Structures are given as structure tokens and as C-alpha cells.
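Same order as they appear, the protein sequences are chains A and B. All letters in the first sequence, in the order written, are residues 1 to 247 by the UniProt record's numbering. All letters in the second sequence, in the order written, are residues 1 to 247 by the UniProt record's numbering.
Bear in mind the hints are in silico, worked out from the structure with no lab data behind them. Treat the numbers as computed from the prediction; the structure is a model and nothing was measured. Watch out, some of these pointers could steer you wrong.
[Claimed, not checked] Which bits of chain A does chain B cover? Going by a derived footprint, with three or more residues having C-beta under 8 Å, they are:
(1) 51-60
(2) 69-83
(3) 86-99
Note that CB positions come from ideal geometry on N, CA and C, so glycine has one too.
The residues making up each chain are set out below.
2 protein chains.
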Amino acid sequence: MSDGAQSREDFEARLRQIGAERYHDKHPFHHLLHSGGCTPDQVRAWVINRYYYQSRIPMKDAAFLSRVEDSNLRRIWRSRIEDHDGTEEGTGGIVRWLKLAEGVGLDPDYVSSARGVLPATRFAVDAYVRYVREQPLLPAVASSLTELFAPGIHKNRIAGLLEHYDFANPTTMSYFQHRLTEAPKDVAFGLAWVLDHAVEKRDQDAAAAALTFKTEVLWAQLDALHSAYVDPGRIPPGAWQPGEGLL
Amino acid sequence: MSDGAQSREDFEARLRQIGAERYHDKHPFHHLLHSGGCTPDQVRAWVINRYYYQSRIPMKDAAFLSRVEDSNLRRIWRSRIEDHDGTEEGTGGIVRWLKLAEGVGLDPDYVSSARGVLPATRFAVDAYVRYVREQPLLPAVASSLTELFAPGIHKNRIAGLLEHYDFANPTTMSYFQHRLTEAPKDVAFGLAWVLDHAVEKRDQDAAAAALTFKTEVLWAQLDALHSAYVDPGRIPPGAWQPGEGLL
Chain A
1 MSDGAQSRED FEARLRQIGA ERYHDKHPFH HLLHSGGCTP DQVRAWVINR
51 YYYQSRIPMK DAAFLSRVED SNLRRIWRSR IEDHDGTEEG TGGIVRWLKL
101 AEGVGLDPDY VSSARGVLPA TRFAVDAYVR YVREQPLLPA VASSLTELFA
151 PGIHKNRIAG LLEHYDFANP TTMSYFQHRL TEAPKDVAFG LAWVLDHAVE
201 KRDQDAAAAA LTFKTEVLWA QLDALHSAYV DPGRIPPGAW QPGEGLL
Chain B
1 MSDGAQSRED FEARLRQIGA ERYHDKHPFH HLLHSGGCTP DQVRAWVINR
51 YYYQSRIPMK DAAFLSRVED SNLRRIWRSR IEDHDGTEEG TGGIVRWLKL
101 AEGVGLDPDY VSSARGVLPA TRFAVDAYVR YVREQPLLPA VASSLTELFA
151 PGIHKNRIAG LLEHYDFANP TTMSYFQHRL TEAPKDVAFG LAWVLDHAVE
201 KRDQDAAAAA LTFKTEVLWA QLDALHSAYV DPGRIPPGAW QPGEGLL
């Protein structure tokens with residue numbers, strides 16, 4: 001171990017601490033959503049904006065693949081793209097998200113057009129895709145480790161939405177239900193890979209910075225959503241207005 | 001149809017004519033290889049250098065995926081990556097190419113290290129990956145259409161190698177055998193996509209230029225191989241020397 005590097009256990013604890021302090025499960029918008037406090041239009045705004053994030057994740061993962069020289073690593077990572085894009089037409093996470101969109105009364109064609117997405121959402125998500133396209137492989141993988149914290153929020157979300165909203169049912173919740181098994185599988189690999197490759201202090205620092213960056217990408221999306229549709233509720237020019245894009 | 005644009009049929013004929021004039025089935029190295037005229041070391045040099053091309057193809061296809069916003073198009077295109085990287089460890093085109101490497105007496109670890117690859121091979125292949133990463137989607141797809149001409153060369157190759165070389169058997173030929181079914185499936189989609197999207201003259205010109213570029217990428221690799229290992233046989237500094245990397 002080089003000067004200042006952490007042990008594998010301490011470094012993993014440091015990564016988990018980043019989630020404990022910064023993951024977006026602590027954002028007020030999620031508290032509002034999961035406790036039944038959102039209006040139907042606030043739920044719709046969340047579905048529209050979160051769709052943009054979902055839709056870019058396979059592009060982010062393909063950008064990663066395009067830089068990996070190891071066929072085995074590519075094959076393992078490729079399953080993330082399969083989870084989102086599916087194995088045949090009408091399957092995969094993106095289609096499941098559009099079922100949620102329909103469930104909350106939105107036209108899936110409107111949602112998938114990505115019209116009305118908040119500019120701040122685009123900026124944050126596009127920054128993430130660009131980060132994975134341009135950074136070294138270690139930070140690129142480390143930025144995926146917010147999945148360490150995802151199962152908790154997905155369980156809370158499924159329970160909270162089912163308890164509080166009429167639109168919640170097995171069909172509209174299927175995206176989150178699938179993520180309960182997909183994310184742990186992915187993150188088990190990603191975490192082990194990061195712990196194996198971040199042994200020197202500067203690599204551990206780079207991986208921690210990447211995970212911090214990713215928590216910022218997620219948090220910024222909810223800040224923008226909250227500002228536009230909750231408090232102060234100032235919808236920026238061009239963004240979705242309640243009443244648009246309905247079924 | 002805009003001024004100067006070709007009909008769908010004429011434009012397809014123009015693309016096929018590019019192959020008729022420029023595809024690397026006409027390169028003297030391939031004539032030598034398929035007619036049994038290569039020494040074992042010349043075959044090895046071909047296997048080592050062609051491996052580099054194979055190994056970058058999934059990265060090229062992932063670079064394409066990373067820029068496609070349409071989940072359906074991504075899912076269809078993803079099968080190309082699956083063909084090369086396989087669906088589980090020990091499967092896929094890259095593994096099959098390494099079986100050929102073993103069959104000609106090369107250590108597959110040496111081949112997959114890509115040490116000894118001719119610099120000109122790297123330059124040509126890397127130019128192709130960069131092209132697909134950076135060009136608009138239409139030229140990126142059009143550059144894949146050399147697959148229109150691949151089944152012919154693969155059939156000739158299988159027949160020629162089986163007739164003339166002791167190393168040729170179903171195991172070492174399995175890469176080419178698989179390509180006989182993979183390439184036509186891929187190119188049927190790619191050709192239809194290009195014909196659908198290249199309707200204006202400037203798009204048809206861009207697609208034709210992309211296919212021409214790709215034939216140059218393939219031809220340049222064989223010119224470098226021929227120069228280094230056949231005539232004049234001047235191996236550049238650092239490139240594979242006969243005797244290296246053997247099993």
C-alpha cells in the first residue's frame with residue numbers, strides 16, 4: 001500500500017459514506033414523492049424528467065464499452081444496456097418507464113420525445129454521459145456506484161407509491177421492481193472492480209471524486225424539478241407545463 | 001427526389017459498385033492467402049494483424065450505440081457486439097479468432113496483447129473507430145456496408161484455406177463460418193437503413209464516401225501486411241518478427 005492509501009475495507013467505507021451524505025434519497029422531492037405529498041402534475045414532471053436520465057443511461061454505458069479493450073469486461077458491462085434497451089421490442093427498462101408514464105396519464109410518445117425536459121436536467125445528464133465518455137475507466141466505473149444506494153430508495157419508492165397513489169400498480173411499478181435485482185448484480189461487479197483497481201491513493205481519490213460527481217448529477221436533477229414544480233414553482237421557458245403531453 | 005439525387009435502386013447499385021472496384025477481396029495478399037501461396041509466417045502475420053481489427057470492431061459498434069437516441073435501433077445494433085464478444089465467457093467472434101491463432105501455432109495471449117501489430121494496421125483501424133465515433137450516424141452506418149461484400153470473400157477463404165493449409169479445420173475456420181450468417185443479417189439491416197436515410201444527394205454522397213473510406217481502411221491493412229511480410233518484406237521496427245509469440 002502506498003503512502004496515504006486506504007485499506008480495501010476503509011476505502012469501501014469511504015465510498016459508502018459518500019452515499020450516506022450525498023445520495024438523492026435525502027432530497028426533499030423524494031420525501032414528498034414517497035410520502036404521497038406530490039400532486040399528479042408533480043409526479044408527471046418527475047416522470048418526464050427522470051425519463052431523460054433513463055434514456056441516456058444505455059448511451060452512457062455504450063460510451064464506456066466503446067473504450068474498453070477487454071472483451072470479457074465489455075460482455076459483463078453489456079448486460080446493463082440489455083437491462084435498459086431489452087432483448088426484443090417492447091422489453092427493457094425504458095419501455096417499463098413508459099408504462100409508468102402512461103399510468104400517470106402521460107402520452108408515452110410525448111415523454112419519449114424528451115420535449116419539455118428541464119434544461120437543467122439535460123445539462124446534468126449530458127454531463128454524466130460526457131464524463132463517462134471522456135474520463136479514465138476507473139472514474140467511469142466508480143461513477144456508477146450510486147447503484148450501491150439504489151435498492152433502498154427503490155424499495156421505499158415502491159412501498160410509498162403503492163400506499164399513496166392510485167396510479168401505482170404492478171405494471172407501473174415494474175421498472176423499480178426490476179431494478180431491485182438488476183442494480184445489485186451490476187454494483188457487485190462495479191464495486192469489486194473499483195476496489196481492485198483503486199489501490200493507490202490517487203486512484204482512490206479519483207474514484208471517490210467520481211462517485212461524488214455522480215451524486216451531484218442526481219441531486220441537481222431533483223433541485224431543478226423542485227424549483228420548477230414545487231417551490232418556488234417557477235417553470236423555466238420551454239419546459240413542460242401541466243396539461244401538456246397528456247393521454 | 002431532390003436535384004441530382006439517385007433513385008433507391010441506382011443508389012444501391014452505386015454502393016455495390018464501390019465494392020466491385022475497391023473491396024479488399026481484390027488485394028494481392030488475399031489472392032496469395034486463398035491460393036495456398038502464404039508461408040506459415042505470412043499466415044501468422046495476417047492472423048496477428050487482423051486480430052487487431054477484430055478486437056476493435058465491438059468498440060466501434062459501442063461508439064455507434066453511444067450516440068443513438070433510439071432504443072430500438074440500439075437494440076438491433078447491439079447484436080453486432082454480441083456476435084464479437086459472445087454471450088458468455090469463451091464464446092463470440094474474438095474467441096473464435098484466437099482459436100485460429102492457436103491453429104497456426106501462435107500463443108493466443110500474445111495475439112490478444114496486440115503487441116507486434118503493425119503501426120499502419122493500428123492507424124487504419126483506429127481511424128475507423130474514430131470515424132464512427134465522430135461522424136454523423138448515416139456515414140457511420142454506411143461505413144459498415146463492406147459487409148455486403150464479405151460473404152463472398154469468406155466463402156472463398158474457407159474453401160481456399162481448407163484446400164491448401166494443414167491448420168484449416170472446422171475449429172480454426174469457425175470464425176469465418178459464423179460470419180457467413182452474421183454479416184448478411186447485419187448488412188440487410190444496415191443497407192435498408194442507409195437507403196431509407198440517404199434520399200437527398202448530399203446524404204447519398206456522404207454515404208458513398210463513408211463506404212469508400214471503409215474500403216480504404218481494409219485495403220491499407222493488407223498493403224501494410226504485404227509490404228512488411230511479402231514484398232519487399234521490410235518489417236517495421238517493433239512489429240512482429242517470425243519466431244515471436246509462438247505456442
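_Contradicted hints - numbers only_ = none
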